Amino acid sequence: MKKIVWLFMLIFLAGCNITVLQPKSETASEQAFLINFSFWLMMIVVVTVFTLFIRFVYKYRFTEKRKDDLPEDVKGNRKLEITWIVLPILLLIVLAVPTIAITYEQSAKAPQDRKKNGVHIDVIGKQFSWTFQYENGKKEMNRLVIPEGEPIIFHLTSEDVIHSFWAPKLGGKVDVMPGKEITYEIKKPEKGSYQGKCAEYCGLAHANMTFKTKVVAKEDYQEYLIQESQ
Amino acid sequence: MIWKYLRTMNHRRIGIMYILFGIIYFFRAGLDALFIRAQLAIPNNDFWVFQGEKYNEVFTTHGTLMIFFVAMPLLLGLMNIAVPLQIGARDLAFPFLNALGFWLFFAGSLFFNIAFFINMTPEVGWTGYTPLSRAEYTPGAGTEFYVFGLQISGLGTIFTALNLIVTIMRHRAPGMKYTRMPLFAWATLITSFLILIAFTVLAIALYLLMFDRLFGTGFFSGEEGDPIFWQHLFWIFGHPEVYILALPAFGIFSDIIATFSRKRIFGYPVMVVSITLIGFLGFMVWSHHMFTVGLGPMANTFFAITTMAIAVPTGIKVFNWLFTMRGGVIHFTTPMLFALGFIPSFVMGGVTGVMLSVSAADFQFHDTHFVVAHFHYVIIASTILGVFAGLYYWYPKITGYILDEKLGKWHFWTFLIGFHLTFFPMHITGLEGMPRRVYTYTQADGIFLLNAASTVGAFLMGISMLFAVWNVYITHKKGEKVGNDPWNGRTLEWTEASPAPEHTFEPMPIVDEIDAFWFAKIENRSLATTLAVRIKPLEQETIQPFFIAMALLVICTGLTFTWYWLTIAGAVLLFSLLIVRSFTDERESFYGKEDPYE
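Chains A and B are the protein sequences, given in the same order. Using the numbering used here, you'd call the opening residue of the first sequence number 6 and step up by one each time. Using the numbering used here, you'd call the opening residue of the second sequence number 25 and step up by one each time.
I should point out that these hints are in silico values taken from the structure, not numbers from a laboratory. A hint or two may mislead.
Estimated spans, in silico, between C-beta atoms of each pair [what the hints assert, rightly or not]:
1. 87/A with 503/B: 47 to 57 Å
2. 87/A with 603/B: 55 to 65 Å
3. 531/B with 48/A: 23 to 33 Å
Which residues of chain A face chain B? A partial, calculated answer using Cβ under 7 Å [as the list claims (entries may be wrong)]:
4. 105
5. 111
6. 136
No experiment lies behind these values; they were computed from the predicted model shown. Where a beta carbon is used, it is the ideal one built from N, C-alpha and C, also for glycine.
Just need the whole structure built from these sequences, with the hints factored in.
Printed below as a string of structure tokens:
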């Protein structure tokens, strides 16, 4: 049992530098908050169960002395049972509130107005590469460049099977569907270079379907747009 | 002996065959897991052939086998053996259907496994997402083996579920009211209803996919169709399936924890209600597998809430198990150790389940190793530990021998430690950004040590299974028979001989309370019996179920390779067999040629 507790300490300590818990955008920060929040709420449950478990297993274990003991015939206990029906419900309500708030705002939506304020980028997934098309028509493969601090609105479609667009530090993933456009917004990315990958199994070279993301200053972004694509 | 088993309709023999094949496939699928872990042990690895195509084949096979051809038959096997004995039924209600159900499972699993030997293993993942599983993207016969393998065995599973429902409703011992039924029987009843609905949906999904692949229809793509339809259908099956795997295990643990705490289960009515509630809610959460496909904020919120709700009845069960032990005298036998290992492990899988239900957070978790960790935690902790517990517990009823306790404990500890060592690090690799179903990662990802730990754990689990094999060998070599009641049990199966005889419950015990056998024992009396009972379901040795299943196998082979002459031949064979069956009347041997009621 100690081993498991120790492992939980490990996840906590390791949490200091885990990719998705070091978010680099507002979107990813909200998600990291939910992950941490739900983790600690759930630790309450884990600690309660483990404590009772260890206590009961130790205290009521078979010993030579208790060889002939006949346990009392207990059918149940209404008060106790109501307790562990009501308390988890309360705990889940606490969890549900921020969940609903953030989910409502972040969920990928059906195609949005392209005039909405922000940088609009078309993302086209295809076995096994990514194409990014910018507002002025510039296209580049497997390399995404976006300006810092702006809302970035991705319009995602696939040319063949389902893929999933994921840059862990910038936000959660969103599926890239054939024949249907989905939009997903990443708010206020911070400067830096980040990994991106396909997260939905899409065939032979799924593991190699990666891209690089670069978040640059706004001026550098404007300059990037007018450069000839390499 | 093989000839006898081929023709048997006896519930214990059919159960043994289910378990036997479940274990054979467990070893194959386990070996696949070891290949996966060997390839992922170090960054940029080139282990044997397991990159790209072969890796994709191996994880598809691992998932499909483990769910459909390992977990399902092992549970159905235990249900087949234990449930009739627990409720005082003298066999399943429809012995012919039971044999047919098994042989259909066998035919389906055989069909799926053949693919490997002719190098046509499917590589679409066990979820078979369209459009990847449509003929444009996976041409060749590989995916057909997935479609038809599951279709045939799924049909068998539906038959067996029907059979179990009727058996539990109609063949209980006198006095065995629903309120006195052991919890494994209750779990089996609810599970059977879930199977009936869920597997029917799967059958429809596979049927449509078959049309898309073979005849170019457009259910899952094009103008009218949509790949999302497949995901909906698959998960309307797939999520209840999780509870189909977990609920029977909950039942097994409930009986085992009560037996070895020497105490009745705490809060029996609430336990029954929570099984039912889990089963019911299980149908309302399927879209939590689809948070990232763009269903919109409304759907993402709704399914987050229903998913959280399911944690409540599950939590109730955990606390009731804990309080069953409180005040008891806990005997650390091997079955009990597996039950004790289950509680903390399952709670760890359960809480990550709640974390996953937080839909915006799931955008990060989805399709990463975090999810892999979560579902292995819940399925291994419940189903696999449950099956091991059940096998050690009922082994005397199955074979007449009791498995060695010392080796059993070695098996338990190595398996449990290996299990946590394998899957715990995956929570972190997932959060580090490692997606599922990738065959490689780089040094720069910083997940080498965690993956290496997983690999070590996986091999430890592999080694633990050698203890189990050795245990079975030793036990049978020793060949010491045990009595009716080696565990000091509480329910009716322990009133019967070990192994359970062909003709059980003669005379039939009368049940006057829950755990009647136990309370009779402590009051030093024997259970009242009666001879005025329903007659045993009639059974006869026949090879028909085997041939019916094989005829379906022939039909599907024909369809797979578009050899339509073979399909027609198989169909003719199938219909002839059905006609022969319609004119077979087992009652003749009992009542004589003439129907006495005419």
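Notebook entry, point to check: Given residue 136/A as an interface hint, is the shortest Cβ-Cβ distance to chain B below 7 Å?
Noted result: Interface hint status for residue 136/A: violated (19 Å vs cutoff 7 Å).
Check: Minimum Cβ distance from residue 111/A to chain B below 7 Å?
Finding: holds, 5 Å
Next item on the list: Just tell me: holds or violated, for the beta carbon distance of residue 87/A and residue 603/B against 55 to 65 Å?
Entry: This hint holds: roughly 59 Å between Cβ atoms.
Margin query: Using the nearest Cβ pair, does residue 105/A come within less than 7 Å of chain B?
Written below: With Cβ-Cβ at 5 Å, under 7 Å, it holds.
Check: Is the distance from the Cβ of residue 87/A to the Cβ of residue 503/B consistent with 47 to 57 Å?
Finding: holds, 52 Å
Checklist line | Status of the given 23 to 33 Å range, CB of residue 48/A versus CB of residue 531/B | finding: violated, 55 Å
This entry does not satisfy hints 3 and 6, going by the numbered hints stated previously.
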